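Chains as they are written, first to last, in this note's numbering: chain C, -10 to 171; chain V, -10 to 171; chain F, 160 to 521; chain D, 160 to 521; chain W, 189 to 272; chain P, 189 to 272; chain U, 336 to 591; chain E, 336 to 591.
Be careful, since some hints might not be right.
Said to hold, decoys possible - Pairs of lysine to aspartate or glutamate residues, derived as DMTMM-like cross-links and limited to a Cα-Cα distance of at most 25 Å, are as follows:
#1 W:Lys213 to U:Glu339
#2 U:Lys588 to U:Asp508
#3 V:Lys114 to P:Glu204
#4 U:Lys569 to E:Asp508
#5 V:Lys143 to V:Asp105
#6 E:Lys569 to P:Glu258
#7 U:Lys481 to E:Asp508
#8 P:Lys212 to E:Glu346
#9 C:Lys114 to W:Asp219
Quick caveat, the hints were computed from the structure, so don't treat them as lab data. On a predicted model such as this, the values are computed, not experimentally measured, just so you know.
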Amino acid sequence: MHEEIIIAGFGGQGVLFAGQLLAYAGMNEGRHVTWIPSYGPEMRGGTANCTTIISDEEIGAPVVRRPSTAIVLNPPSMDKYAPLVKPHGLLIVDSSLIAQQSGRTDIREIAIPAKDIAAEAGLAKAANVVAIGALIAATGIVQFETVVELLTLKFGQRSQEILAANKRALRLGADYVLKLPA
Amino acid sequence: MHEEIIIAGFGGQGVLFAGQLLAYAGMNEGRHVTWIPSYGPEMRGGTANCTTIISDEEIGAPVVRRPSTAIVLNPPSMDKYAPLVKPHGLLIVDSSLIAQQSGRTDIREIAIPAKDIAAEAGLAKAANVVAIGALIAATGIVQFETVVELLTLKFGQRSQEILAANKRALRLGADYVLKLPA
Amino acid sequence: MNRELWEGNQAIAEAAVRGGLEAYFGYPITPQTELLEYLSKRMPELGRAFVQAESELAAINMVYGAATAGARTMTSSSSPGVSLMQEGLSYIAGSEVPCVIVDMMRGGPGLGNISPGQADYNQLVRGGGHGDYHSLVLAPSTIQEAVTLTYNAFDLAEKYRGIVVIAADGNIGQMMEPVVMPPMRQIGHADRGWELSGAAGRPRRIISSIGLDPEVMERINARLQARYREIEANEVRFAERQTEDADLLVVAFGSAARIAQTAIREARARGIRVGLFRPITLWPFPYQRLAELAQRIPRLLVVEMNAGQMLNDVRLAVGPQAVVSFYGRTGGQVPMPEEILAQIGGMAPTPSTNGARAIALL
Amino acid sequence: MNRELWEGNQAIAEAAVRGGLEAYFGYPITPQTELLEYLSKRMPELGRAFVQAESELAAINMVYGAATAGARTMTSSSSPGVSLMQEGLSYIAGSEVPCVIVDMMRGGPGLGNISPGQADYNQLVRGGGHGDYHSLVLAPSTIQEAVTLTYNAFDLAEKYRGIVVIAADGNIGQMMEPVVMPPMRQIGHADRGWELSGAAGRPRRIISSIGLDPEVMERINARLQARYREIEANEVRFAERQTEDADLLVVAFGSAARIAQTAIREARARGIRVGLFRPITLWPFPYQRLAELAQRIPRLLVVEMNAGQMLNDVRLAVGPQAVVSFYGRTGGQVPMPEEILAQIGGMAPTPSTNGARAIALL
Amino acid sequence: MRGTIRIDANRCKGCELCVGICPKKVIGIADTFTPKGYRPAILVDPDGQCTGCLLCSTICPDVAITVYREAVSRTPAQKHAAAA
Amino acid sequence: MRGTIRIDANRCKGCELCVGICPKKVIGIADTFTPKGYRPAILVDPDGQCTGCLLCSTICPDVAITVYREAVSRTPAQKHAAAA
Amino acid sequence: MLAETMTVVYERPETLLPVVSHYCPGCSHGIIHRLVAEVIDELGVREQTIGVASVGCSVFSYNYLDYDFAQAPHGRAPAMATGIKRYRPNHVVFTYQGDGDLASIGAAEIIHAAARGENITVIFVNNAVFGMTGGQMAPTTLPHMKTTSSPQGRDVATMGFPIRVSEMLATLDGPAYIVRRAVSDPATINRTKKAIRTAFQAQLHGLGFSMVEILAACPINWDMQPEDALQHIKNAMIPYYPLGDYKVIDAVKALA
Amino acid sequence: MLAETMTVVYERPETLLPVVSHYCPGCSHGIIHRLVAEVIDELGVREQTIGVASVGCSVFSYNYLDYDFAQAPHGRAPAMATGIKRYRPNHVVFTYQGDGDLASIGAAEIIHAAARGENITVIFVNNAVFGMTGGQMAPTTLPHMKTTSSPQGRDVATMGFPIRVSEMLATLDGPAYIVRRAVSDPATINRTKKAIRTAFQAQLHGLGFSMVEILAACPINWDMQPEDALQHIKNAMIPYYPLGDYKVIDAVKALA
Ligand SMILES: Cc1ncc(C[n+]2csc(CCOP(=O)(O)OP(=O)(O)O)c2C)c(N)n1
Ligand SMILES: Cc1ncc(C[n+]2csc(CCOP(=O)(O)OP(=O)(O)O)c2C)c(N)n1
Ligand code: SF4
Ligand code: SF4
Ligand code: SF4
Ligand code: SF4
Ligand code: SF4
Ligand code: SF4
Ligand SMILES: [Mg+2]
Ligand SMILES: [Mg+2]
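Generate the whole structure from the sequences, applying the supplied hints.
Pasting the structure below:
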């Protein structure tokens, strides 16, 4: 197994955190992992993206030009990354913010209203976690439970409320995908 | 012809000027010349020395370890340079300040009380010029007149008195040597 | 085995702390800032010295000061900041005190950008400062390796009383990877015989790089050169992968090497037998081993994130009988595995002379 | 022909003035100070800009500023001061503005001493600063040559929109020799299309070395590299003496070369046929010509006032089939003709490998 | 005095400084997003309360606001002075 | 008070600062040279006018002067204080 | 809503290019850029102006201000400006520098440009933090303030005290005009603009070094809402950095 | 002449090594070295003292002062001293710097060491000229003074004004003790010694940054007889650089 996931959006949408979450999960499941961010010229408010690789083999390049999966959380990222996903790859799109579609037929495209779902879960900011839930449901790249554990580690001590919302977001994201027609 | 002259003494004794005087003279007589100073670690009051080379051929190294001529104006310079003069070379020693002798038998050694002679010429500081006079008389390395012209250029406009004293110093230096038993 | 996910900058900082770092001085610059930030918290916690200096110039001279006082000391920066340290580095080398420098190289020249680069190779390896000196330059290609090298860098610096550089780039500095951290070392050490600790019960000591008398200065240089020969004899490090059966050798260091590794895997999958030679010490450069390999594998592809700086050393090692191609990306561009693969695929055995370089610049 | 006796520093200063120097910025340091002192009088006399900067860092950035404004501009320093200029030089290179730098090298590393040295070779030639850039480095071996090179340096700098370095040492800077001074040039020039002169009747211009997008930065680098290839094609300079019948080739630059010349004369007087190859451009290095010569004369003695810096370039040029010996004096020591002669005499045809250097350090 | 403003939604970054400063409280935040992803400020002034007082344009860091006033003939110099 | 001084001719550089400062004018310049080539200062005090006032030693840049006074018993600390 | 009878009383200055800046929402750099542009427009000197951008968030000020521009190494803008001004004495030369740039790494260059009385104008944006690199402590960071490199707050015992640059430079004989202003509300903003204008006028009259220090907000690194950040200028910064005229030579006073 | 009854009332301090210095006749460095040695001796801290020599004529101060010593790059002594002091906080760390070193190339380092309140002592020898390199203009050179790099005299219009370092640093909150003294005659010399002692005492008590600026003579580069040079300090330098206490925090006052 060798998965390269790019997650992209505006700064502040938690794309870096989402990527790290995956990397931690991969590591905890005994895999090789790398995570690497890339910032735009802007301090804040610009675009941000990161690449997480989870692999059974030692990882060479931590950067990829064409990921096997892309999660895009804003329109510019959609424009940039949708065409780059490898054939047979996966594209996850936050349809709350992105109206268009990639138009590609050689990949699997999941449009999920992540932001709205997050709001529904009680934490509008957790669209990133919704997207991770969707990714897990679509690929099984890591175990759902591994991520729940990590969320617990991360938020558990700070606020039970936020933790619960994040768990809900993860669950709802996964459920949304599981309910999609296959 | 290829002459390498080291002139050495305390800072302030005009050793650098003496060397430049020779270099100018050599140049004006159509020769290749170089002049190069070397300072000790001390700002002032330390030893100073310079090397002038006058040659019919293009000059390579502007520095020499063993000069064909050394003019030494203080005891430390005597100690340092007397042993370095090339065999058959020339050593000019200001005997007003330096009591010892080199003890070398393979060189010509001229002990001249340059400082006293300079005082006699009316300019105690002109021991350096006395020594140049001696050098010219002993070697004919440059024309006496060339040096007189240069002194005139240098001091003529500033002070006739100083000029006259320098000319006297040059003359007396030369005379002293010419009168030595051959 | 306790694997933790560490960001490169922070991992290096923690490795330094565990390796015995007693005094850190630095100035923010991307992509190294997280290292400084980490230590701004970690060092005071441990009661060790941390100063955010007013500049890289001040930082390197604080390091110089702490080093003369006997501290295990370090600074970190990125390319333009390292340029500002050149005078200080030359002084440190000239006065034979130990220290560790981390350079998270970025795209240049000038202000350039904050993307990863390797164009400080010459500056670090050939001496960016004046005078005849060398730093021991270590180029990790994983965070684990960066940790190990940093942890041991202080010992090396002290052993040879000189500068050890960890030469990495934004890839290494900003990525995260699982790491096993080495244990915390005790700090504090016996008097080493040269450090400034107050002339109590012994004659005073002077640490200076002056030799106003050239004879004295030449003796200092002779001592330095002798030590450099010793380092060349003892400390050459490199890694080889799949060189046994290779027809083609990729030579790359640091993050370029790990990227090349992906290309090599792909090439092998396509039946092209490629090996990797990765210098870990950029200085001393592994000339000898590379020369041996080139006897057997006379086709080499040098991959760097610069316009061909290590290339000179490779050429020096292998001589003109080998075919040396070069693939370089500059200005913060990272070569992608596919590009390297294309170079591997397209490498025709045409000779390249030493005078003219075959530089592929996109 | 009007021969005048000039001190090297002053001669270079006057040559710069006559070559069109419009703005000078510098900081005192031995053995360069006389150059600055000379200009402190000469420039204001002519109504041209002179500033004694607060440091070499400030000086190089004043030069950078004046260069962006279109001035023919220069600074001068010596080794430690040049180390402090590395960041500025990298910026100047990256933003493609022309300037001239004089480095009167001295003994190092560190504070070292004020005696002549050549140990800035790597710093000047391989890039002391970060990023992929080159300066055109000119190494005069007489004052007349220093004058001519300086006089024309501004044209070169402008032609290639980059840095031209006059690399000399205290020997050249402080000695006096007869010189024929070139005539005074008119100053003032037409708009060159890039200089900052106020956006009057044209779109504004920006001079910057930033390329935050690596693609942009790589394009800048590609442009620089293309220009460097052009310089390599056009500007290689060297001098040869008595190479026609030589059995042994001495390779040396700057004042080491003129000293070697004395040794060669002596060697020839003793019947040993020795020739001299003297690179005038240290970058671009005359690889090709030296390679040709080494085909015919495969025994070379490299003489430098350092621990063997140009040596690498000589090795790159001649390859392993030639026997390359090295004689270096360091730390401000000047090799004497007799010493070089002894090396010439004693040069046995034993092979030297690229990995290990044969450095004679006294 | 009667005035109004125009907010360039492309430039506005939704910092809300104008919202806070407006003495007439006629600036609000839109529900839409700018191309940069911000919710821009909008004028909500059904009653024409804006006086053209220039406070919003003075505080706006992104110079996104143009201010208008009921025409009074003025020279360009005066116009500048008003802005100062 | 009666005093005297001793000038270390090896260290003296003949700057004449002591000569100028001595209120008793008992310091002169020798005719000889030091190893460094300077004419050193010498005490010329046939009448024992020196008071040990410390002015010369205070001004001497080369710390070449040791000052003595008619014995009055004093502790080392006082000795230092006197120099200050 | 825009009646026919309405005329523009405020619009973007001509030499502030119509592009969206890279600054964060609420960042004071935007306001200060505007003020510079307005002053240059009003003085009508666009075509003889040369700006020197520094390293900091304002490194791209040249993307917004429509003049010839150079970009200086971190801290060295005053040296570059000196080089430009000495060669082009009739041009209007200004630097635009942050507090990290000017007061930390560039302390020597600003002092010496001021001491030389270099006839340039310095726009000094003091936001008490290294903005661009992500909010590290600057020499101007207030005591106890938390930053990414003073995570427990600036402890003056180990990290030193903030530098009051205007006061420090005012001890020099070189400068003609040194004042401290703020951009915390419309009134202070308007006063800042006046000061910027005076500074440029001083230069145009050849009176020597002029600098306007401007207390500014970096809401992102202060971790505050833009409005709170402006409040923070008033409540925390101004007490430590009093607004005022630190040096105004008579010839500059006479300009008014 | 030396009667039996005589005792030594002044002799060379113990930690001033018995060697002939390289300084020119009449150079003030010699006096100042002596004062430092006397103070260190009197405070009895030789064995915990670490000196930092700078680049200038005093580069070899370590040849004369019998303490552990480091030698700093030009201008960077305060940074080196910071590195030493942070690692050895209980040692007495001082720098010995000339005006070229401290006020020209090293302006940033001295300001920041002062602003940090670094607990070190700075002996600042202001002789208004670059002595070591042969008498070029320093930032401290008086207006109109001729030097080898201001051959027509320092023209303040193009070369700027002298910097009054003590006044400048006194604007900072970091320093504990900043005074200006002179060595123009025995009285000023004795007062200088007192100040040096106070400065070191401040450090010993952990009170922070202390600096004694000392107006000093460089007879050689001033081209004056030593005695005239001391007069010049009085007549020309002190009027421009008034002697005095520029910053003395209460805790330092309490030491006296
Ligand atoms: C030599 C060098 N050192 C460090 C940096 C990294 N750097 C870029 S901006 C900056 C700080 C800028 O802070 P400030 O001047 O206050 O500007 P702001 O971003 O706050 O407006 C630093 C340290 C650099 N580019 N060059
Ligand atoms: C980086 C660098 N620049 C310049 C020099 C040359 N230099 C040596 S001493 C000196 C000036 C010293 O003047 P000052 O500090 O006033 O000391 P003084 O000799 O007057 O006591 C200079 C410029 C140097 N050694 N290093
Ligand atoms: S001009 Fe004044 S009243 Fe009108 S919107 Fe702006 S702040 Fe409000
Ligand atoms: S102040 Fe400007 S940027 Fe901020 S919300 Fe209002 S219009 Fe938008
Ligand atoms: S101690 Fe006083 S009286 Fe005696 S020689 Fe010295 S200055 Fe003169
Ligand atoms: S003051 Fe000292 S150095 Fe000067 S002449 Fe007197 S004894 Fe000699
Ligand atoms: S980080 Fe701060 S200074 Fe930089 S753009 Fe954002 S708010 Fe402005
Ligand atoms: S040059 Fe001046 S400062 Fe230096 S030793 Fe001589 S008198 Fe003293
Ligand atoms: Mg800031
Ligand atoms: Mg001085």
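Right, here's what the structure says about each hint:
no., hint, in the structure
1, W:Lys213 to U:Glu339, "holds (24 Å)"
2, U:Lys588 to U:Asp508, "holds (16 Å)"
3, V:Lys114 to P:Glu204, "holds (20 Å)"
4, U:Lys569 to E:Asp508, "holds (21 Å)"
5, V:Lys143 to V:Asp105, "holds (23 Å)"
6, E:Lys569 to P:Glu258, "violated (34 Å)"
7, U:Lys481 to E:Asp508, "holds (19 Å)"
8, P:Lys212 to E:Glu346, "holds (20 Å)"
9, C:Lys114 to W:Asp219, "holds (17 Å)"
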